[in-house]
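S.K.: The residues making up each chain are set out below.
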Amino acid sequence: MTLSSIARKNIWKNLRQYLIYLYSMIFSISIYFTFVSLQYNEQLLSSTVTLGKLESAFEAASIILIIFAAIFIWYSNSFFTRKRKKEVGLYALFGMSRQKIGQLLFYENIIIGIIALTIGITGGLLFSKLFMMIIFKVMGFSLEVSFTISKQALVQTAAVFLFIILVTSIHSYRLIYRFSLSDLFKAERKGERLAKGSPILSSMAVIFIGLAYLLLVNPDHLVKNTGIRFLSAVLFLVVGSYFFMNFMVTYLLKLAQRFTSVYLQGKNLLTITNLLYRLKGNVLILTVISLLSSVTLIACIFTYSLYYQIDHFSKRDNPYSYMFNLKDDKINQEVRTLIEENSAEDLLYHKRMQYLSVKPNVSGLNRVPDFFQTLVISEQTYQELLKLRGLNAPVHLKKYEAVAFYDGNLDGKSDPFTGKQLSLTANEKITISDYKQFSLVNQGEMLFPLVISNSLYDELKKKMTPEETLYIYKTSNEKVAKRLNNEISKVVKPLRYEANEPIYASFYKNYHYGLETYGLLIFIGGFLGLVFLLATGSMIYFKQLIEATTDKERYKILKKIGIPDHQITKSVARQVGFVFFLPLVLASSNTAIILIVLADFLQINMQVPFFTCLGVYLLIYLGYYWLTTASYLKIIKET
Amino acid sequence: MERLLFFPYSISMERTENGGKKMESILEVKGVNKVFGSKRNFFTALKDIDIHISKGEFVGVMGPSGAGKSSLLNVLSSIEPVTSGTIRIEGTELTRMKEDQLREFRRDKMGFIFQDYNLLDTLTVAENMMLPLTFTKTPKHEIKKKVAELAEMFGIQAILDKYPYEISGGQQQRTAVCRAIIGRPSILFADEPTGALDSKSAHHLLQTLSKLNDEMKATILMVTHDPYAASFCSRVLFIKDGSLYTEIHKGDHSRKQLFQQILNILSTIGGGQYDVI
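If you read the protein sequences in the order shown, they are chains A and X.
Counted from 1, the first sequence has number 321 at position 321 by our numbering; the numbering is strictly sequential.
Going from the second sequence to our numbering is simple: count from 1 and add 1000.
In case anyone wonders, no lab produced these hints; they're calculated from the structure.
All C-beta atoms in this analysis are idealised placements derived from N, C-alpha and C, irrespective of residue type, glycine included.
Hints are supplied without guarantee of correctness; some may be wrong.
[As the list claims (entries may be wrong)] Straight-line alpha carbon distances no greater than 35 Å define the calculated DSBU-like cross-link-like pairs of lysine-lysine that follow:
#, chain 1, residue 1, chain 2, residue 2
1, X, K1256, A, K556
2, A, K543, A, K100
3, A, K429, X, K1162
4, X, K1144, A, K552
[Said to hold, decoys possible] Partial selection, computed: residues in chain A whose CB lies under 7 Å from chain X:
#, residue
5, Q103
6, G266
7, L269
8, T273
9, N274
10, I557
11, P564
12, A573
Chain X on its own, in the form it takes in the complex (with noise of 0.2 Å):
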């Protein structure tokens, strides 16, 4: 965990540029509707979304439930299509793809953090760590040697022999962590990733994807419901009914006033039922 400097080599494809140029895009959202059902019984899921996401920023969606989080992430993601508007990740449009394209696309671009872990229970911690990268042309002595620096770096070599029903909520979160960056992607989607953590784990993964976001560059997008979670973030948007709804930085804030400030925009746009009143 502490040993994040070892780290061999960066998420993003590209070195970070110093100097006070404008950065790097990552990912750009222009005017994404979303529509599902039929002519006559349809729901809006998504309405005129526009967002724009640099290199090296750790995004959190906060929202109440049934304002688009899911949807939202699952459009950006590739994995459901939009009704209309463009998605770019590094330039390159998604909405245009065919599915073979885009699995591919989200394999070598995309890493993924689910709330369930989604680890396969056939699989051995490394071998679920691996198995993203043993789909493409990488050495296989280069997968080892990944495996054996992100275990370390994740504190989960003692378990790499173990098979997820063997091990705590947290260490499979923590390998699931591994599996979405193991293949360098540009940028990292992470769905409730706490949301089935105790708190003590979660805030061990959240302290990670941080330290992953400020000496990585590691660029993520984080969906949550939780304002403790979305505390972590450098920058949190919030969305209802869905459209967004307004965003807020951190800048030079401390964690803490993050925190209220989480809080205070719950209030209003109805978030109330969350866990701090």
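Chain A extracted, bound-state conformation (with noise of 0.2 Å):
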């Protein structure tokens, strides 16, 4: 009987206890695998305009889940060898040398290693198809996926894995290195020492708390340097975070006790004390899963409200189906044709925008780089451009004073402009007396349009070059004109970076542009979001199982006395239920507080997003607290 015969028998025999361990490796390694199959995945790198710039994001996320599956791997190791304390200790009883034990459980870990790769990559094949038609479908994509395997997505997968697989096989081996015989055979800690709750560290979880939202939510600005304030937020959260878990809980449990009508019932009393003897080992682990936990709301959420919103954004920031001067009176003519040939029916309205283009003096201001055309337009053609977009929004103006508008700024709700300066020659100054909430043109032209009074526009006008016109069109099929828009490209691509800078902006390139990154910006986020799900879900899962196992002998002593089942089942649902839904209530009050933030900071709506996600989330995490629940009544139960 050889070693290796010895281990495969070995896992055969434990096959119960050998597939916690390989389901976990497995959902890392199929997880890995479906996320580097996309990153790799030919369809996707030819269709889509935006990948250069997102691979980076692809990179920082395939690195996390590096991270994550190691970590991941290595936590179900520890649980998984710990389980086999005894088993080892009988080893080496029965006179095996440590060096036999310690190949044993070497070659175990590679064979349960192989058979994980090989099942997490066929399975990976699986997802990523499916995953793919997600993705396909989010970036607004009508293709057929069709069915590849990338080789370096194969051999990525298994480089990172085979050397995951070779490190915790080591520790395996260290195994019997590592405890003295006697240590094998101990039972788990006894008696672990009470968690001691203290008003006062208590009350500083919640000082702490409240300092991380006060600085977040910032107030009357009361914090300048931004970064300062982010960091010491994030500060204030984690030593928080830990306080309230170590300190708080216990001290609330430890108040529980005092009412007595509560605590006398036989389930509370059998709840709060194992929790309370519980906690101790657990705060780590509960303050982790808490804020992994926010990270995970916060990406799933913000990212799909930049989804969700992508229509309120493309509107946003392009009010125009189409807007160009091409600079070239038979390009324009021709390009008009065009689109009025094509959307006949669907025109709304267009007008042919009269402006100046000067060159001001524009380092005043300290936002616009001098690059950018200006567009000067007089108030006239201004309210005429506003009839016919249907707003209300009039000006007053003296000669030398102008309206700035909306530049896709970030800080939605500020005024950048209002009350600076720019010069249009070396002594004639204009102030922007006044700020409009919204596009005036279509953005990402590096156009910086301005609205002056007719009377000073008359008199630039004499002044300076001809009038030029802006041709703008407003369709009502501007999302799906497709077939329109690439015969403008075809005319217009060749202008593209002439010198007299044609201009040229249309809905639809924008809006599927926007659909193409943020679509993959919430595919990332949510295949993170998934996964930090799945991980903090298993993980308690884990620890809980771990605690089940050394609880039994106290639950066989329930049933001598003769406690009935249903309270006994009803004590644990209710302590893994405070385990599992405690980290989530501090998760979504650290989400609802930092989203509030940065939907003001961004003038969007999460809302939807908001309860969406959490909907979701909560759903999958009650399915984990049910198996939970469920694997540890099998567990006590079973003699």
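The task is to assemble the complex, starting from two chains supplied on their own in separate frames and drawing on the hints.
M.R.: Written out as structure tokens, the structure reads:
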């Protein structure tokens, strides 16, 4: 009988024990493989214009996944080896040499690893097709997903995980050297010290978390330096969460013990004392999970909000379906004909907007780069345009005053222009007296529009080169006019970098650009969110199962002295529920505060994404809760 | 310890009757058999056991290892089902009850003391004592009152807020006794209660049990392999190879005489491995 045959036999005989370990390995591997196959997918690479810019996001996400997988596999490996300490002790007792035992565990782990790698990659292949379909859907592609195997992804996954498997195998090999024989037989720690709940440290938890929230909301610009503000907010949040889990929860549980009528009900007594008994060993994992859940929720909700509001963003940043001045009458005419012929019934309005292309000194604004084209528009043209758009935003201008417009500013609430000055010539200065929170022209064409009084406009018109015309079209089929856009692109593309700076913006192009960018972002956000959620769920699951194994004796006693089964079930359900939902409560509160701040800053509405994501999260979480409770009960009830 | 007289309620359900009437029956066992294993490979642990225990008796069960002492206790206390035969406690037949009914019956009518105390290390001494009552509808203030009374009686007031791993074995076992009797069970089952105790603590505990029996008329069934412990009983049953071998009554004998008798019987049934030769 060789060592490897013992190892093989061991695996088949103890399959049930190995399964949890195997599952978590397979899970990590297939997740990782799925992700890198997407990263290297030819179809995705060739059909998207934005991928070049998001490659770094993909890279970062795959590194996060490696770290996650390593930690997760390590965690389940130590859970698994801990379960087998006694078995290893027996081998040693029977006179197997340490080296032989080490080799046995090493081979076992290698065999499990190879099995997991094979199944994981097979699973990943199936998943990647599914996820490709999802990714194409959110990015707005209407492509048939082909079934391809990326060699690069295969090699990368195999390399990464073979390395991780090797490290864990060495760790297993060292198990017998790390513990003395008596350690291997010793039961789990007995008489864990009870956590102490101090009212002072508990209030510190509230103060720290409160401070973190205060710094995030930053009312009346309390703290000026944004970097310091966020850094200290995160720091306070981390420390506060730890204090919350460690001291405050203990304190509250101890407080509950004082309410005799509640506490002296059998199941409450069992639940509360068990929680108190276990809490100290759980503080770290609960804190980590609450923070991890916060990050997950925020990432998911934020990317989803962006995606959810593409319509809103596109309309805000691109008020017109087409807007152009190609600085060549013939080409202008060509494009106009194309649009008018192709969207006869869909045309809502069109306008020839007159403007003066001036080159003022904009350095005083500290905002507009000097290579931007400044479009000076008269008050009258502005009023005509607004009437077409159905807006009402009157301006009152003195001669040397101007109105500036929303320029894609991230901080949606602030007004970056009013009060600042720019100079037309050395002694002619214009003050910006008003700011409107909408785009006057489509964003992204490096234009700086300004509305000035009619009198100044006329004066300038006389002095400067002749007026220019910006052609504006609004159609109702702007989102779907793919063919028309392609045809215009053919005409416009050759002019792209000409010295006279032709202007061409189309809603369709920007809308689909956004759809691709945010689609990919939400995909990455959602993917990582899902992985983290499954990881946190599994971590609690493992931890609870370890506790169930050590608690088994305690439940045997309860059975012996005649405590009814349903009472024990209730007590377990509450206990597990507490461990599951405590971090979620803290995470929801963190998420809500941070998102309120973010939504206010970006001026976007996150309510629907917030509740949708939280709902989905809760649903999966409930699944884990149910699974954990069921497994816990199964463990303590088996004899 | 010495103040058992203050014990405000009786251990059994009803007050003891005066006069020469036949004592009220607590435990009735008829024709109980217990077989382990499958058809082809089985082992008979108990054969045709008949036992009758009346109210206020302190019965010891002795026998060599493997004779079936633990099986008997497990079967009597309904932790394990019988293969055939009937067991009645205060007239209620256990063998027909369902698992959940049984557990409630066990909680309400039986008290248990185990060799390894079986206290929950997550609970304080006081909480361990009150645990069975917290699953009933007993008013909370009454629970607290009972804990205080029992603690005083057993001399463990000072350690009520301590955890089991912080106190001695003797104290743990006394806590376990309190837990066993706090719900006023009809019968108290003790499984080698002195097995893990040093001789001084063991003596202390046995005195407690015998006072419970004397002054409160508590009905106790104690399995033990220690003749010294058995000598505190009013009647001792001997089992050998799964059957009842014989029984002796204390009657008017002194404890010393009973002890001598026990040793004699043990030597005939092969209990020679005991500490007294």
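S.K.: Are the hints correct? Go through all of them and say.
M.R.: Verification of the supplied hints:
1. Between K1256 of chain X and K556 of chain A the alpha-carbon distance is near 38 Å, which puts this suggested pair outside the 35 Å criterion.
2. Proposed proximity of K543 of chain A and K100 of chain A is supported: the alpha carbons are some 30 Å apart, at most 35 Å.
3. Simply put, K429 of chain A and K1162 of chain X have alpha-carbon atoms about 84 Å apart, too far for the 35 Å limit, and the pair is violated.
4. Under the criterion of a C-alpha separation no larger than 35 Å, the hint pairing K1144 of chain X with K552 of chain A is consistent with the structure, at around 28 Å.
5. With a least beta-carbon distance of about 38 Å to chain X, the hint placing Q103 of chain A at the interface is violated under the 7 Å criterion.
6. Hint on G266 of chain A holds. Least Cβ distance to chain X is approximately 4 Å, under the 7 Å limit.
7. Given the 7 Å rule on beta carbons, the hint for L269 of chain A holds: about 5 Å separates it from the nearest Cβ of chain X.
8. Below 7 Å, beta-carbon pairs count as interface contacts, and T273 of chain A has one with chain X at about 5 Å; its hint therefore holds.
9. Given the 7 Å rule on beta carbons, the hint for N274 of chain A holds: about 5 Å separates it from the nearest Cβ of chain X.
10. For I557 of chain A, the shortest C-beta to C-beta distance to chain X is roughly 4 Å, which falls under 7 Å, so the interface hint holds.
11. Taken as an interface hint, P564 of chain A checks out: its beta carbon lies about 5 Å from the nearest beta carbon of chain X, inside 7 Å.
12. Interface restraint check for A573 of chain A: the shortest CB-CB distance to chain X comes to about 16 Å, outside 7 Å, so the restraint is violated.
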